[in-house]
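A.B. asks: Just so you know, the protein sequences line up as chains V, D and L, in that order. Take the first sequence: its position 211, counting from 1, is numbered 211 in my numbering, and each next residue is one higher. Take the second sequence: its position 74, counting from 1, is numbered 74 in my numbering, and each next residue is one higher. Take the third sequence: its position 201, counting from 1, is numbered 201 in my numbering, and each next residue is one higher.
It cannot be assumed that every hint is accurate.
Said to hold, decoys possible - Capping the alpha-carbon separation at 25 angstroms, the derived lysine to any residue pairs in SDA-like fashion look like this:
(1) D:Lys58 to V:Gly79
(2) D:Lys93 to V:Leu90
(3) D:Lys374 to D:Asp389
(4) D:Lys74 to V:Phe283
(5) D:Lys74 to V:Thr46
(6) D:Lys93 to L:Phe67
(7) D:Lys93 to L:Gly276
Worth flagging that the hints you see were computed from the coordinates, not collected in a lab. Nothing here was measured: the structure is a model prediction, and the numbers come from that model.
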Amino acid sequence: MSALRAPAIDVRRARAPRRSVLLLAIMLLLTAYTLLPLLYLVVNSTKSLDDFFRTFGLAFGSGFALPANVAEVFTHDGGVFGGWLLNTLLYSVVGGGGAAVLATFAGYGIAKFRFPGRRALFAVILGAVAIPGTALALPTFLLFSNLGLTNTPWAVIIPSLVSPFGLYLMWTYTVDAVPSELLEAARIDGAGELRTFFTVSLRLLAPGFVTVVLFSVVATWNNYFLPLIMLSDPRWYPLTVGLAQWNAQSAQSTAQPIQNLVLTGSLISIIPLVVAFLLLQRFWQSGLAAGSVKQ
Amino acid sequence: MKRSTTLAAAGLVAGLAAAALTGCSSGSSGGPTGAGALDDALKQGGTITYWAWSSASKDKVAAFEKAYPKVTVKYVNAGSGGDEYTKITNAIKAGSGAPDVAQFEYTALSQFSLAGDLVDLAPYGFDKLEDQYSTGTWSAVQSGDKVYALPEDSGPMAMFYNKRVFDEHGITVPTTWDEFVADAQKLHAADPNTYLTSDGGDGLFTSSMIWQAGGHPYKVDGTKVTIDLQDSGTKKWTAVWNELVEGQLLSPTPAYTDDWYKQLGSGEIAALVSGAWMPGLLTTSAPEASGDWRAAPMPTYDGTPASANYGGSAQAVVKGSKNAALAAAFVKWIDSSDEAVDINIKAGSFPATTKALGSSALVDQAPEYFGDQKINEVLLEASKSVPADWQYLPYQTYASSIFADSVGQAYASHSDLNAGLKQWQSALVSYGKDQGFSVTAG
Amino acid sequence: MAIVTAPGRSPARSRAGAGRAARREAANGWLFVLPFVVVFLVAIVAPVGYAIGLSLFRDQLVGGTAFVGGANYLKALTDPALWGGVLRVVLFLVIQVPIMLIIALVAALALDSGRLRFAGAFRILLFLPYAVPGVVAVLIWGFIYGPRYGLAGSLNHALGAGLLEPLSPQWVLGAIVNIVTWEFAGYNMLIFYSALRTVSTELYEAAELDGAGPLRIVWSIKLPALRGAIVIATVFSIIGSFQLFNEPNLLKPLAPNAIVSSYTPNLYAYTLSFAGQQDNYSATVAIVMGVLTAVIAYVVQVRGMRRDAR
Numbered sequence: 001m002s003a004l005r006a007p008a009i010d011v012r013r014a015r016a017p018r019r020s021v022l023l024l025a026i027m028l029l030l031t032a033y034t035l036l037p038l039l040y041l042v043v044n045s046t047k048s049l050d051d052f053f054r055t056f057g058l059a060f061g062s063g064f065a066l067p068a069n070v071a072e073v074f075t076h077d078g079g080v081f082g083g084w085l086l087n088t089l090l091y092s093v094v095g096g097g098g099a100a101v102l103a104t105f106a107g108y109g110i111a112k113f114r115f116p117g118r119r120a121l122f123a124v125i126l127g128a129v130a131i132p133g134t135a136l137a138l139p140t141f142l143l144f145s146n147l148g149l150t151n152t153p154w155a156v157i158i159p160s161l162v163s164p165f166g167l168y169l170m171w172t173y174t175v176d177a178v179p180s181e182l183l184e185a186a187r188i189d190g191a192g193e194l195r196t197f198f199t200v201s202l203r204l205l206a207p208g209f210v211t212v213v214l215f216s217v218v219a220t221w222n223n224y225f226l227p228l229i230m231l232s233d234p235r236w237y238p239l240t241v242g243l244a245q246w247n248a249q250s251a252q253s254t255a256q257p258i259q260n261l262v263l264t265g266s267l268i269s270i271i272p273l274v275v276a277f278l279l280l281q282r283f284w285q286s287g288l289a290a291g292s293v294k295q
Numbered sequence: 001m002k003r004s005t006t007l008a009a010a011g012l013v014a015g016l017a018a019a020a021l022t023g024c025s026s027g028s029s030g031g032p033t034g035a036g037a038l039d040d041a042l043k044q045g046g047t048i049t050y051w052a053w054s055s056a057s058k059d060k061v062a063a064f065e066k067a068y069p070k071v072t073v074k075y076v077n078a079g080s081g082g083d084e085y086t087k088i089t090n091a092i093k094a095g096s097g098a099p100d101v102a103q104f105e106y107t108a109l110s111q112f113s114l115a116g117d118l119v120d121l122a123p124y125g126f127d128k129l130e131d132q133y134s135t136g137t138w139s140a141v142q143s144g145d146k147v148y149a150l151p152e153d154s155g156p157m158a159m160f161y162n163k164r165v166f167d168e169h170g171i172t173v174p175t176t177w178d179e180f181v182a183d184a185q186k187l188h189a190a191d192p193n194t195y196l197t198s199d200g201g202d203g204l205f206t207s208s209m210i211w212q213a214g215g216h217p218y219k220v221d222g223t224k225v226t227i228d229l230q231d232s233g234t235k236k237w238t239a240v241w242n243e244l245v246e247g248q249l250l251s252p253t254p255a256y257t258d259d260w261y262k263q264l265g266s267g268e269i270a271a272l273v274s275g276a277w278m279p280g281l282l283t284t285s286a287p288e289a290s291g292d293w294r295a296a297p298m299p300t301y302d303g304t305p306a307s308a309n310y311g312g313s314a315q316a317v318v319k320g321s322k323n324a325a326l327a328a329a330f331v332k333w334i335d336s337s338d339e340a341v342d343i344n345i346k347a348g349s350f351p352a353t354t355k356a357l358g359s360s361a362l363v364d365q366a367p368e369y370f371g372d373q374k375i376n377e378v379l380l381e382a383s384k385s386v387p388a389d390w391q392y393l394p395y396q397t398y399a400s401s402i403f404a405d406s407v408g409q410a411y412a413s414h415s416d417l418n419a420g421l422k423q424w425q426s427a428l429v430s431y432g433k434d435q436g437f438s439v440t441a442g
Numbered sequence: 001m002a003i004v005t006a007p008g009r010s011p012a013r014s015r016a017g018a019g020r021a022a023r024r025e026a027a028n029g030w031l032f033v034l035p036f037v038v039v040f041l042v043a044i045v046a047p048v049g050y051a052i053g054l055s056l057f058r059d060q061l062v063g064g065t066a067f068v069g070g071a072n073y074l075k076a077l078t079d080p081a082l083w084g085g086v087l088r089v090v091l092f093l094v095i096q097v098p099i100m101l102i103i104a105l106v107a108a109l110a111l112d113s114g115r116l117r118f119a120g121a122f123r124i125l126l127f128l129p130y131a132v133p134g135v136v137a138v139l140i141w142g143f144i145y146g147p148r149y150g151l152a153g154s155l156n157h158a159l160g161a162g163l164l165e166p167l168s169p170q171w172v173l174g175a176i177v178n179i180v181t182w183e184f185a186g187y188n189m190l191i192f193y194s195a196l197r198t199v200s201t202e203l204y205e206a207a208e209l210d211g212a213g214p215l216r217i218v219w220s221i222k223l224p225a226l227r228g229a230i231v232i233a234t235v236f237s238i239i240g241s242f243q244l245f246n247e248p249n250l251l252k253p254l255a256p257n258a259i260v261s262s263y264t265p266n267l268y269a270y271t272l273s274f275a276g277q278q279d280n281y282s283a284t285v286a287i288v289m290g291v292l293t294a295v296i297a298y299v300v301q302v303r304g305m306r307r308d309a310r
């Protein structure tokens with residue numbers, strides 16, 4: 001039957017063309033809930049500090065202060081925000097990207113090769129997900145300062161390279177998407193394992209890989225606690241720690257209220273991720289598909 | 001002493017022994033001391049790292065570098081209060097990364113000096129600087145014959161009130177606490193959205209109020225600590241404050257939040273009993289009420305003037321600094337030079353030096369926010385009536401961090417503060433014992 | 001017919017050949033796994049080992065460090081602050097996880113139903129909160145929750161009553177439930193949606209031939225297909241709940257009396273270490289929580305699988 005090959009949604013659309021108003025209403029409600037805080041963020045980024053203190057939360061202020069706010073965000077405190085943005089990019093790309101690479105190699109290794117201790121290794125790595133971050137934070141800090149690494153980018157990047165969840169996803173995806181027969185054929189042809197990996201397997205793993213890259217990048221981009229402990233020099237802060245510090249600055253006895261900068265800065269900080277997700281939708285949605293089915 | 005500081009102490013002894021052999025006295029890192037050493041260090045120049053959060057710090061650093069071009073100061077805002085202390089403690093534990101000079105609130109100094117984390121500045125002649133500072137602030141920076149820091153500013157307490165709101169509701173400015181309570185009742189009854197003042201519970205505020213009432217809840221003698229949060233001074237305070245808490249007459253909005261600033265600006269919180277730094281904060285964060293506010297002496301229990309200190313910080317040299325003499329010189333400049341003190345005053349800080357306190361520049365300040373009232377006259381009077389003999393716990397910052405767990409609950413449930421204070425006391429006693437202090441309660 | 005000795009997969013001709021092949025396979029396996037393992041050792045195993053070491057000692061402000069063996073663990077097991085926090089996160093998870101997963105499920109089913117206009121747009125919009133850092137999320141919700149001037153306050157004003165007090169002690173847990181749900185519902189929705197997309201269309205055709213209505217299809221085909229994904233999502237949500245820290249920590253300045261320093265076990269460990277200089281006891285608490293979390297997550301997963309196998 002040719003209908004077997006057609007994507008599910010087309011079949012369903014052909015059979016059930018009636019649009020449900022109920023479903024639309026439910027989804028609109030959920031979307032409103034989702035967008036409310038983001039709307040608050042956008043609206044208040046357009047208000048000057050004065051307006052922020054004087055006007056109702058979701059109403060616009062008397063002027064359009066967004067360009068002024070953005071300018072001030074990038075010049076406040078000697079332009080430290082721009083550095084935070086670059087730091088975040090550095091940590092996310094190297095840390096998150098690196099995590100995906102390591103997870104892919106390791107997931108592939110566990111899925112496609114039998115070696116003693118494989119199951120135990122897998123269990124230990126997955127078990128690491130249950131370890132509370134606070135248990136690791138101080139010991140990692142002390143360890144790293146003995147190595148002279150604290151207050152450097154490495155202090156943030158190295159811990160970010162470990163993604164047990166990424167490994168799990170890639171393991172699942174490899175089992176699903178890379179048939180062992182293909183690997184055997186390559187071996188028979190005399191190809192080494194690494195070569196096989198790069199020429200044969202990686203292509204098949206691409207959607208999963210992109211998924212893990214995206215999620216690792218997000219995890220590192222949004223990481224707050226680890227950089228907070230590791231870094232004492234604000235010039236190395238990522239956006240999360242920097243914004244939190246700006247926010248705290250508004251709230252003590254020698255305060256300099258900068259709520260408009262905190263809000264505008266927050267808005268700027270989420271734009272890159274949102275754009276990345278929008279552009280790479282195709283990849284991560286199919287990557288997630290495999291990961292969610294297997295257990 | 002912690003392990004790392006035991007090692008440091010051993011190193012110090014070794015250094016002293018070596019220095020004794022060479023015939024010069026050693027203060028910390030084995031360098032020369034005495035007042036002359038400071039000038040030499042400034043002439044030689046070098047680089048030091050300075051952690052502070054006060055908004056005027058950057059300007060002061062810039063002014064210092066201009067006056068002493070051979071010295072580079074790396075200024076870092078590593079967080080305020082507890083956040084910075086955590087980083088310093090961690091850096092000291094790890095053996096690297098701590099700054100040369102750092103800002104410390106008065107309440108945190110004993111915690112660090114006891115752990116041996118601060119350089120004694122007396123060998124550099126700082127003990128001779130006593131007369132330059134108000135007694136209240138000086139007692140916080142020295143211990144025995146050691147001087148651990150220099151005061152940056154002070155926080156004598158007064159009452160700041162919104163005259164427009166007072167006039168609107170026919171409230172007279174209270175001079176005693178009984179009048180204060182009566183005013184609170186009147187105001188809140190007339191307008192349930194308005195409160196005379198806000199207080200959601202704060203360990204340092206509570207301590208200062210007990211201070212004003214003549215209490216001495218914390219007594220420290222080396223590693224012997226006595227905690228009595230039910231002494232006569234405390235009871236005096238709770239007798240009054242319970243009426244406000246149980247009567248639900250205090251605005252529950254947590255301090256320094258956006259809601260709080262808006263309420264100050266709109267007059268829904270009509271007065272604040274706070275330190276001398278509050279005017280600066282009001283001016284920047286509650287601009288709506290400019291011109292409405294005034295300053296008055298803190299209400300007292302029997303009418304005789306009495307105040308307390310609340311807040312304020314100092315600069316200290318952190319142990320392990322590679323250039324302690326230069327760091328000490330920087331501390332001296334930033335906390336005693338006319339230029340630095342001026343910058344502070346302009347930024348809205350209330351000074352700690354006797355010179356600045358007596359200056360006409362300070363007294364004549366008539367901020368527009370306070371309707372051109374010379375508010376510093378009120379604050380100066382307040383600084384003169386702060387009871388002496390006050391001590392903080394060697395773990396006061398920790399005490400503040402767990403205040404909400406005990407006394408804060410009394411605030412939240414509008415019940416007897418004494419019960420909460422007893423709980424706080426027992427938590428502090430067991431923590432002190434855990435940490436090796438010999439602690440007695442009551 | 002050429003005799004080819006293929007490593008690993010095909011039956012080897014001789015035991016020696018099999019041994020060699022197996023060793024080669026093992027070596028290759030380790031090669032791929034090694035980079036991850038190295039960083040894993042440095043970033044996770046070493047600190048955990050250090051933490052375990054810390055938990056066996058006690059460091060005092062006055063008196064230095066001493067070995068105390070299991071004394072810290074004994075203290076942790078009888079510590080009312082710790083177990084109060086545990087009870088609280090259990091309460092949190094019992095409320096929050098079902099709410100969030102039901103929302104995610106409904107949304108995923110709606111997206112998959114084929115009866116939803118603008119499904120693509122909804123899909124990406126509902127996922128957006130995942131891209132927002134926890135810090136920013138709490139910041140914004142903190143502003144919204146302001147009982148006098150935040151949106152909650154405005155609502156109160158409009159209704160003329162002090163109904164909404166999200167930052168009061170009675171309601172702050174609900175406030176946190178809301179934030180966490182907001183942050184992760186979209187993410188879980190996507191996991192469920194992706195699982196649904198892999199359901200074979202044959203099943204749907206067969207069902208419709210049998211005359212099954214849409215609800216019946218959901219019940220008999222889609223939900224069973226989602227079982228695995230639901231178990232995974234539940235397990236990860238439970239782990240996340242036990243580790244709850246960011247939201248209460250960042251919300252604390254706005255509700256200092258409502259969120260005590262031992263509000264969640266992680267927050268307690270953090271306060272112990274960073275405010276109280278009690279690193280050893282903090283490490284102990286963290287280890288106890290880690291073990292507890294792992295056990296519960298394992299139990300949930302096993303039970304979930306068992307039902308799945310039935």
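A.B. asks: Confirm or reject each hint.
C.D. replies: Going down the list of hints, with the structure as the test:
no.: 1; hint: D:Lys58 to V:Gly79; verdict: holds, 14 angstroms
no.: 2; hint: D:Lys93 to V:Leu90; verdict: violated, 28 angstroms
no.: 3; hint: D:Lys374 to D:Asp389; verdict: violated, 29 angstroms
no.: 4; hint: D:Lys74 to V:Phe283; verdict: violated, 46 angstroms
no.: 5; hint: D:Lys74 to V:Thr46; verdict: violated, 35 angstroms
no.: 6; hint: D:Lys93 to L:Phe67; verdict: holds, 18 angstroms
no.: 7; hint: D:Lys93 to L:Gly276; verdict: holds, 14 angstroms
Going down the numbered hints, you'll see the structure goes against 2, 3, 4 and 5, while the others check out.
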